[in-house]
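J.: These are the residues of each chain, in order.
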Amino acid sequence: MRKRILELAHKAGSNGAHLGGSLSLVEILDALYSQNLNHNPYDMNRDRIILSKGHGALALYCILEMKGIISKEYAETFETNGTALFAHAKRDVAKGIEFSGGSLSLGLSFAVGVALACRSNSLNNHIYVILGDGECDEGLVWESVMSASHYGLDNMTLIVDCNGLQSDGFSKDIMNTDSLESKFSAFGCTVLSVNGHSERDITKALTAEHNGRPKVLVAYTLKGKGVSFLENKQSSHHLVLNDEQYKIAIMEVEND
Amino acid sequence: MTKYNARGFARLGQSGSIFGMSLIENMDNYPLKVLSSDMSVVAGLDRFKRTRPDDFYNVGIAEQNLIGLSAGLASEGFRPIAVAQAAFITMRSFEQIRQYLGYMKNNVICVGINSGFALTFFGNTHYSIEDLTLMRSIPRMTVLSPADAGSAVKAFEAALNHDGPVYIRLTGGLLSPIVYKDDFDFTIGEAILLKDGSDITIFATGTIVANALKAAELLMEYGIYARVIDIHTVKPLDKDAVMSSKHSKLIVTIEEHNTLGGLGTAISEAIAVTGNMPSLLKLGVQDKFMEVGDYNYLIEQSRLTPELIKEDIVNKFSNINI
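In order, the protein sequences belong to chains A and B. Everything in the first sequence is counted per our numbering, starting at 1 for the first residue and increasing by one. Everything in the second sequence is counted per our numbering, starting at 1 for the first residue and increasing by one.
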């Protein structure tokens with residue numbers, strides 16, 4: 001999947017791509033899409049996967065392609081003129097995309113509404129929301145978490161891709177979102193810390209008890225994971241991958 | 001459709017008529033969910049909450065989340081109605097309304113209560129004189145601004161049947177003046193001619209329409225005959241109604257709102273592209289924050305009493321005729 005992310009980013013050429021935050025998401029998405037979830041877009045009972053950190057869209061497109069939900073040709077329209085697959089995923093349920101991301105924190109608030117609706121309709125499904133740790137700077141995240149917990153939404157799981165970096169640098173320097181576990185816990189959620197690059201850890205946490213509350217996985221990851229010159233680098237947030245860098249990157253992820 | 005009772009509605013005000021009567025009458029006809037950000041008592045939602053506790057969500061003082069939850073519910077097929085103070089639902093949640101309702105096409109009805117100067121001594125933080133500007137700038141939004149309580153019920157029922165997101169701007173208080181004594185047809189996007197006249201055309205919106213009508217009466221003493229048109233739909237604007245003013249000697253817009261961006265601006269945009277139209281006098285809040293006072297004080301300071309409207313029109317009209 002990392003290879004495909006790099007391929008599409010390279011194809012995007014000078015338009016650039018959000019590589020760092022897509023590469024940190026790989027195992028999270030792999031683990032999530034390996035669960036026995038209902039992806040049938042025409043079934044009300046489908047599980048909803050909402051990418052609130054919309055700039056992770058490239059990783060989402062790749063997992064959707066790998067799972068056969070979108071075609072190879074469709075995935076390759078990434079960042080071409082007139083495409084539906086641009087830097088921030090746009091809602092298209094038939095194509096497995098539940099939410100139009102881009103403006104951080106909006107996915108979570110929307111997801112709380114979806115979770116309320118699904119419960120109200122007595123649906124047998126689950127709502128997964130993927131957030132970034134930088135995104136947790138946004139006030140709306142906390143309004144939303146408070147409400148998810150208030151309504152006892154145990155049909156929702158939040159996964160925070162905690163890569164420790166945001167656009168301007170390390171989160172601990174920009175706006176410290178440290179101890180996310182205690183923050184989510186104080187807001188009334190069931191919280192688990194996981195190694196965000198261990199599919200086994202993530203899978204185990206995904207199946208853990210909710211205890212009548214929304215569940216939060218704080219998944220520790222590396223931004224730019226798998227590519228030495230991107231790993232844990234601020235510059236990996238959004239970049240143009242030149243031919244030389246692309247060659248090295250592909251070699252590294254293939255040898256991993 | 002709720003039985004039309006102009007006096008009964010007027011007693012309840014716009015918000016009370018919608019939520020205390022029309023909502024209750026219509027609640028079985030639509031897959032409704034009502035959400036409020038700690039404003040349900042003020043809005044008159046008590047009866048709905050008691051009757052349908054499972055279809056009501058109070059999200060607390062969190063207008064952004066109010067729109068997020070509403071959008072999520074709409075995406076699953078519910079018909080959510082989000083209720084908050086006009087100033088906060090349109091300004092604090094502007095981006096949420098743009099992304100979730102405009103861009104993502106979630107059909108939520110946003111009801112802004114206490115718009116304009118309704119909150120008098122609460123001060124400028126609670127006045128809502130930019131909501132028309134903001135809401136009309138969002139693609140796909142329909143913006144309704146009813147003239148009295150009966151018209152508010154009509155607007156609400158039209159919104160329930162409308163395919164698209166809607167903002168309903170509620171102004172005036174209890175015992176607000178009646179503009180529509182009898183039942184009438186309310187169609188989104190079709191302005192209503194309330195009074196005919198050969199000299200000028202007045203376009204007005206919201207409960208200040210009543211003052212426009214009174215001003216038109218006063219103008220007759222000066223030999224000025226005014227047509228008065230209720231623009232209950234600020235977006236989409238009724239272009240035919242605007243064009244119908246081309247034979248007037250003057251166009252006047254009246255709004256309890258900033259003249260920058262609201263009804264006056266909408267009309268000016270429409271006439272500017274047409275060309276050969278009469279000149280325009282925009283009455284309303286002249287792009288400023290207010291000195292605080294009671295409703296009559298605020299209306300007087302912004303020159304929106306019938307007497308002051310008449311005075312400004314007479315001045316302008318006599319200048320054109322020279």
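Watch out, some of these pointers could steer you wrong.
Distance condition first, Cα-Cα at most 30 Å in a straight line; then the derived BS3-like pairs of lysine-lysine [said to hold, decoys possible]:
id, chain 1, residue 1, chain 2, residue 2
1, A, K72, A, K95
2, B, K105, B, K214
3, A, K183, A, K204
4, A, K72, A, K247
5, A, K183, A, K3
6, A, K204, A, K247
7, A, K3, A, K72
8, A, K90, B, K214
9, B, K105, A, K95
10, A, K72, B, K214
11, B, K288, A, K67
12, A, K183, A, K67
No lab work stands behind these hints, which were simulated from the structure alone.
J.: Look at each hint and say if it fits the structure.
T.: Hints, verified against the model:
no.: 1; hint: A:K72 - A:K95; result: holds (13 Å)
no.: 2; hint: B:K105 - B:K214; result: violated (40 Å)
no.: 3; hint: A:K183 - A:K204; result: holds (22 Å)
no.: 4; hint: A:K72 - A:K247; result: holds (21 Å)
no.: 5; hint: A:K183 - A:K3; result: violated (35 Å)
no.: 6; hint: A:K204 - A:K247; result: violated (35 Å)
no.: 7; hint: A:K3 - A:K72; result: holds (14 Å)
no.: 8; hint: A:K90 - B:K214; result: violated (50 Å)
no.: 9; hint: B:K105 - A:K95; result: holds (17 Å)
no.: 10; hint: A:K72 - B:K214; result: violated (67 Å)
no.: 11; hint: B:K288 - A:K67; result: violated (57 Å)
no.: 12; hint: A:K183 - A:K67; result: violated (34 Å)
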